[in-house]
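Chemist: Each chain is listed here by its residues.
2 protein chains.
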Amino acid sequence: MKGFTLWFTGLSGSGKSTLAEKIKPILLERGRNVEILDGDIVRTNLSKGLGFSKEDRDTNIRRIGFVCHLLSRNGAVAITAAISPYREIRDECREMIGDFVEVYCKCPLEVLAERDVKGLYKKAMAGEIKNFTGVSDPYEEPEKAEVVIDSSTETIEQSADKIIRTLELMGYIKGSEDDTGYSQDEEEQIKARLKDLGYI
Amino acid sequence: MKGFTLWFTGLSGSGKSTLAEKIKPILLERGRNVEILDGDIVRTNLSKGLGFSKEDRDTNIRRIGFVCHLLSRNGAVAITAAISPYREIRDECREMIGDFVEVYCKCPLEVLAERDVKGLYKKAMAGEIKNFTGVSDPYEEPEKAEVVIDSSTETIEQSADKIIRTLELMGYIKGSEDDTGYSQDEEEQIKARLKDLGYI
Chain A
64 MKGFTLWFTG LSGSGKSTLA EKIKPILLER GRNVEILDGD IVRTNLSKGL GFSKEDRDTN
124 IRRIGFVCHL LSRNGAVAIT AAISPYREIR DECREMIGDF VEVYCKCPLE VLAERDVKGL
184 YKKAMAGEIK NFTGVSDPYE EPEKAEVVID SSTETIEQSA DKIIRTLELM GYIKGSEDDT
244 GYSQDEEEQI KARLKDLGYI
Chain B
64 MKGFTLWFTG LSGSGKSTLA EKIKPILLER GRNVEILDGD IVRTNLSKGL GFSKEDRDTN
124 IRRIGFVCHL LSRNGAVAIT AAISPYREIR DECREMIGDF VEVYCKCPLE VLAERDVKGL
184 YKKAMAGEIK NFTGVSDPYE EPEKAEVVID SSTETIEQSA DKIIRTLELM GYIKGSEDDT
244 GYSQDEEEQI KARLKDLGYI
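These protein sequence lines map, in sequence, to chains A and B. Quick note, in the working numbering, the first sequence goes up one by one and the last residue is 263. Quick note, in the working numbering, the second sequence goes up one by one and the last residue is 263.
Possibly wrong hints are sitting among the right ones.
Chain copies aren't distinguished; within one or between two, either way the pair holds.
[What the hints assert, rightly or not] Straight-line Cα separation of at most 30 Å, DSSO-like style, residue types lysine-lysine; simulated pairs: (1) K185 with K258; (2) K85 with K258; (3) K193 with K237; (4) K237 with K65; (5) K65 with K85; (6) K65 with K87; (7) K111 with K193; (8) K258 with K111; (9) K258 with K193; (10) K169 with K65; (11) K117 with K207; (12) K87 with K193; (13) K169 with K237.
None of these hints come from the bench; they were simulated from the model.
Make a model of the complete structure from these sequences and hints.
Modeler: Have a look at this one:
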């Protein structure tokens, strides 16, 4: 089957990596090769020396996009879980890759600051971390993400179902025989979104 | 089938890219996904800002190796055609990738300087290019390359046959039904090499 890129974007702590790890075994089970490119792996292996200025962040995201492009066009599923804050660069990657499914992990800043799993928001708000997305650096919401999940109101299972069902409807993976337990309302919502975007 | 990396190494003009382009359609015909990572593509997309010092060259080759690693373990064939002058870094990539077939493109410096397709050897010998491999920068020959080709004595067809036959014998691609026209002597040589290296 055709390769594609599943591009997660959203603030730190919004659930990108957790969802990526949740989705990976489901895609493996359906016979796909899957590679998760998280921000840290890429910074170590492809972007050592780059910092967190706008320019360096853009370069880092472009490199992730290039590798996703190579993996996708060779039949694999590339999953990225980098913040990727700037719309222009994400859209540039979408353009290059073609088979590109954007998942916007939405979550109100208050909820993220409240959770603050890694203690980063506290530091950022105290001015101890510069260029922290959502606090001291901008995050530009996607306008046409194929999937929008909200980790403040959905369970991880619900978000994962939404992604998988979208991939099925877009023809990137075969439907599962199992009953996903997804309600008719939710199914309608997913279809409406894909119709809006012109996919179905 | 299993992915793998076909790693060409050798001086500028020794035939790496030409052979990579010759091999690609043969592998595509046998149903493989193939990606050629040549030095220029990688310098543009993954290594902008790096120069030609030992350290920067090592970083560039490590990045190529990392991408080959990702492609190979997702079932694709990654082909590199970068000079990759240092043995230690090539062996580090071999270690990381595992399914690694090294092709040493040998060619005497005199022949390369005589051909000088891009006019680079003349410039390098006149001191106009710094860090030019083989002239003002070292090239370390591989000690255990799976294939050694010599573009000063072989035709490109002979070299390509040698590579394809090696891949067949190593189990990376299925044998072709066609008669390759490869002589028994040559077949013996390939087998002897793979036996020496412990593959068969």
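Chemist: Please go over all the hints and tell whether each is borne out by the structure.
Modeler: Verification of the supplied hints:
1. K185 with K258: So K185 and K258 fail the 30 Å test inside a copy (40 Å) and across (61 Å) alike.
2. K85 with K258: Within one copy only: 26 Å inside a chain, 44 Å across chains, cut-off 30 Å.
3. K193 with K237: Answer is neither; intra-copy 44 Å and inter-copy 54 Å both fail.
4. K237 with K65: both (11 Å within a copy, 23 Å between copies)
5. K65 with K85: This pair counts as both: shortest intra-copy Cα distance 21 Å, inter-copy 25 Å.
6. K65 with K87: The answer is both: 16 Å in one copy and 20 Å across copies each meet 30 Å.
7. K111 with K193: Classified as both: same-chain Cα gap 19 Å, cross-chain 25 Å, threshold 30 Å.
8. K258 with K111: This pair counts as neither: shortest intra-copy Cα distance 41 Å, inter-copy 40 Å.
9. K258 with K193: The answer is neither: 40 Å in one copy and 57 Å across copies each exceed 30 Å.
10. K169 with K65: within (28 Å within a copy, 38 Å between copies)
11. K117 with K207: Close inside one copy (23 Å), not across copies (44 Å); limit 30 Å.
12. K87 with K193: neither (32 Å within a copy, 47 Å between copies)
13. K169 with K237: So K169 and K237 pass the 30 Å test inside one copy only (27 Å; across, 48 Å).
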